[in-house]
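A.B. asks: Protein chains in written order, with our numbering: chain A, 1 to 416; chain B, 1001 to 1251.
Since the hints were derived computationally from the structure, they do not count as laboratory data. Treat the numbers as computed from the prediction; the structure is a model and nothing was measured. Be a bit skeptical, because a hint or two may be false.
Here are the simulated SDA-like pairs of lysine to any residue, each with C-alpha atoms no more than 20 Å apart in a straight line [as the list claims (entries may be wrong)]: (1) A/K253 - B/Q1083; (2) A/K113 - A/A183; (3) B/K1107 - A/V30.
To spell it out: a stretch of chain A is covered by chain B in this simulated footprint if at least three of its residues, at any positions, have a beta carbon under 8 Å from a beta carbon of chain B; those stretches are [as the list claims (entries may be wrong)]: (4) 27-36; (5) 237-251; (6) 256-269.
Built from N, CA and C at the ideal position, the CB exists for glycine as well.
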Amino acid sequence: MSKMTRVVDPVPRVGRTTQARAPSQWAAFVAMTRASFVAQTRSLANLFFGFLFPLVFIAVFGLLGNGGTNIKLGVSDGSDQQSPIYLALTHISAVQLSHGSASSLEADLRSGKLDGVLSITAVPIPAGQGPGQTVPSQGSPTVAPGAGGQPGTGGFPGAAGTGYAVTLTTTSASPQNAAAAQAFVQGVVDQVNVRAAGITTPAVTLATKDIAGRKYTYIDFVLPGQLGFSLLSIAIFGTAFGFVVLKRTLVFKRIFATPTRPTTIVLAQGASRLIIAFAQVIVLLVAGVYFFNFYLAHGAETFAEMLLVSLFGLVAFLGFGLIVAGNFRDENAMGPVVNLITLPQFLLGGSFFPTDSFPKWLQPVANNLPLSYLNDALRKIASDGASLYDVRWQLLGILAWGVVTYLVAIRTFKWE
Amino acid sequence: MAIIEVRELVKRYGSLTAVNGVSFEVNEGEIFGIVGPNGAGKTTTLEIIETLKQPTSGQVVIDGFDARRDPWRVKRLIGVQLQAAGFYPGLTLRELLQLFAGLYDVKVDPMAMLRKVQLEDKARTRFEKLSGGQKQRFSIASTLVNRPRVIFLDEPSTGLDPQARFNLWELVREIRSEGVTVVLTTHYMEEAEQLSDRVAIMDEGRIVASGTPGELIDRLLAKGFQKPQVVRPASLEDVFLDLTGKELRDE
Chain A
1 MSKMTRVVDP
11 VPRVGRTTQA
21 RAPSQWAAFV
31 AMTRASFVAQ
41 TRSLANLFFG
51 FLFPLVFIAV
61 FGLLGNGGTN
71 IKLGVSDGSD
81 QQSPIYLALT
91 HISAVQLSHG
101 SASSLEADLR
111 SGKLDGVLSI
121 TAVPIPAGQG
131 PGQTVPSQGS
141 PTVAPGAGGQ
151 PGTGGFPGAA
161 GTGYAVTLTT
171 TSASPQNAAA
181 AQAFVQGVVD
191 QVNVRAAGIT
201 TPAVTLATKD
211 IAGRKYTYID
221 FVLPGQLGFS
231 LLSIAIFGTA
241 FGFVVLKRTL
251 VFKRIFATPT
261 RPTTIVLAQG
271 ASRLIIAFAQ
281 VIVLLVAGVY
291 FFNFYLAHGA
301 ETFAEMLLVS
311 LFGLVAFLGF
321 GLIVAGNFRD
331 ENAMGPVVNL
341 ITLPQFLLGG
351 SFFPTDSFPK
361 WLQPVANNLP
371 LSYLNDALRK
381 IASDGASLYD
391 VRWQLLGILA
401 WGVVTYLVAI
411 RTFKWE
Chain B
1001 MAIIEVRELV
1011 KRYGSLTAVN
1021 GVSFEVNEGE
1031 IFGIVGPNGA
1041 GKTTTLEIIE
1051 TLKQPTSGQV
1061 VIDGFDARRD
1071 PWRVKRLIGV
1081 QLQAAGFYPG
1091 LTLRELLQLF
1101 AGLYDVKVDP
1111 MAMLRKVQLE
1121 DKARTRFEKL
1131 SGGQKQRFSI
1141 ASTLVNRPRV
1151 IFLDEPSTGL
1161 DPQARFNLWE
1171 LVREIRSEGV
1181 TVVLTTHYME
1191 EAEQLSDRVA
1201 IMDEGRIVAS
1211 GTPGELIDRL
1221 LAKGFQKPQV
1231 VRPASLEDVF
1241 LDLTGKELRD
1251 E
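The following block holds chain A by itself, in its conformation from the complex (with noise of 0.2 Å):
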């Protein structure tokens, strides 16, 4: 500037006063969000990750979440079908009963696709024996039902003089699954021998009680995830190749030529994808509330704090984005680093998998990622009825995110 003589205007425009300010702006960004909108809405990645892929997502887990836990037992051919177990078992919800040879079950079983295997054979009971179990190999129950010779007692037909051994065949390999399978059949094998003993007041009961809640699905812990990961995903891999994009196009450098403040660039592409996001949520949770059960503690109150969260999240994610948009020129050097920011989010930000899974030594990484926040935030919400002020840590987390990658990206955003 030293070298700056003062320009020596031969027409009268020398006295003019200078203009050291920028114009208003406002045009300037209503013009382009709306260009980043319309251009966001022709993208196919951003119609992928932003609502396709969390759909589909939703809809598979969503689906498969809402059985609960079945007991998957296959019949060998032959068994007794008119046997009391086996009446008895097809009444219970809660077990999937199959049927094949003796081989072909055992094979399922091996490969895990049944959790146990009954052949329910009748043996005569001779006349005069009371109520007596044999213990065949793999911790088998076996039936006798009341003494023979008793009608109507046991009431069940054709039982009279029959008693019936059931082997059930389960596998080492999966202890829970097999210890599941034995209770359920043991239980089965005792209400039966109970009533074949003629026992109607037995002297121990069991009452189980069902205190008011409501059935917490897959689909609730899936929902807020996918939301997470959708805002994550439109935040920085959006950002960050939008802009590197705008970049390489020399786009920045045309709109630099027009009195247009680089200030407000950033905030009208913040805004267009704040829109996008707006839909996302409301698609998504749409979405979840009318096809998959998904719970909304107070129901609208809940949706619109949802929605404020997620807005939230997204602004402070946009962080990530910006630092990574102002320190690449081309989209090939830049998609590593992009993995690097979302990949581990997306696997330890509990998305897909609850923080609590992970081990110990990895659970305080997991637990504050921005990702988590967002996550823990919105099943707190969603699930448990919590207020703003209730999830004040987790938006404060993000907040401190937040702060931390603007600096960054503020320091070290470069236009060209």
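Dock chain B against chain A, hints included.
C.D. replies: Using the frame of chain A, we list chain B on its own:
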């Protein structure tokens, strides 16, 4: 009178001096050509005038406003066409013009602007889908959004076939006839000679000669220069245009 005054412009990148003391003036209403080989500093000089780059030293005054002190005013006075596209990907021509209208905070009639460059039927087409000539015509239309006093065209006819180039010249002359000053760079001497009122020849960051094409040719001839071969009264380009016609055919 001069609408652009460039004084002792210098731009250094480390040890490389891209622009080395360039001074010239552009008169209002003229077409001013800057010619020179690649790397001569043409684009850098233009970008400094366009407020896109800061000079290491020197001064640019456009219509009385200093480009460094008053960049916002200068930006309003000028229209800029970059060497490469610079258009928001995924948008149609109409949407692009509306975007520029917003960026300049002015109202435009996009269809009228497209009609002027014979692209009315492409209003709903994306820029990426245009032919080379159409891209350049749209690009020039986009420089007129803010009704500038001066437009800068950086190698506007590079890569165009003779018909498209001829059509582009017509467009540039038409814009000038409406009172807009045009500054353009080119590799093609024929273009500079046909189109420019005055020409500056740049080499290695300096202006080595300037004047009207006629003056520059006379100066050379005065030094006793003679073309080695006999000049025929027609060129191969004349043959080409005679056979293929001058109408535009890039649609």
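A.B. asks: Look at each hint and say if it fits the structure.
C.D. replies: Here is how each hint holds up against the structure:
Note on A/K253 and B/Q1083: the hinted pairing holds, with a Cα-Cα distance of about 11 Å set against a maximum of 20 Å. For the hint linking A/K113 to A/A183, the alpha-carbon distance of about 18 Å falls within 20 Å, and the restraint holds. The hinted pair formed by B/K1107 and A/V30 meets the criterion: a straight-line CA distance of about 14 Å does not exceed 20 Å. Look at the region 27-36 of chain A against chain B: 8 of its residues bring a Cβ nearer than 8 Å to a Cβ of that chain, three or more, so the hint holds.
Check result for the region 237-251 of chain A against chain B: holds, 5 residues qualifying (beta carbon to beta carbon below 8 Å, three or more required). Only when three residues or more bring their CB closer than 8 Å to a CB of chain B does the claim for the region 256-269 of chain A stand; here the count is 5, and the claim holds.
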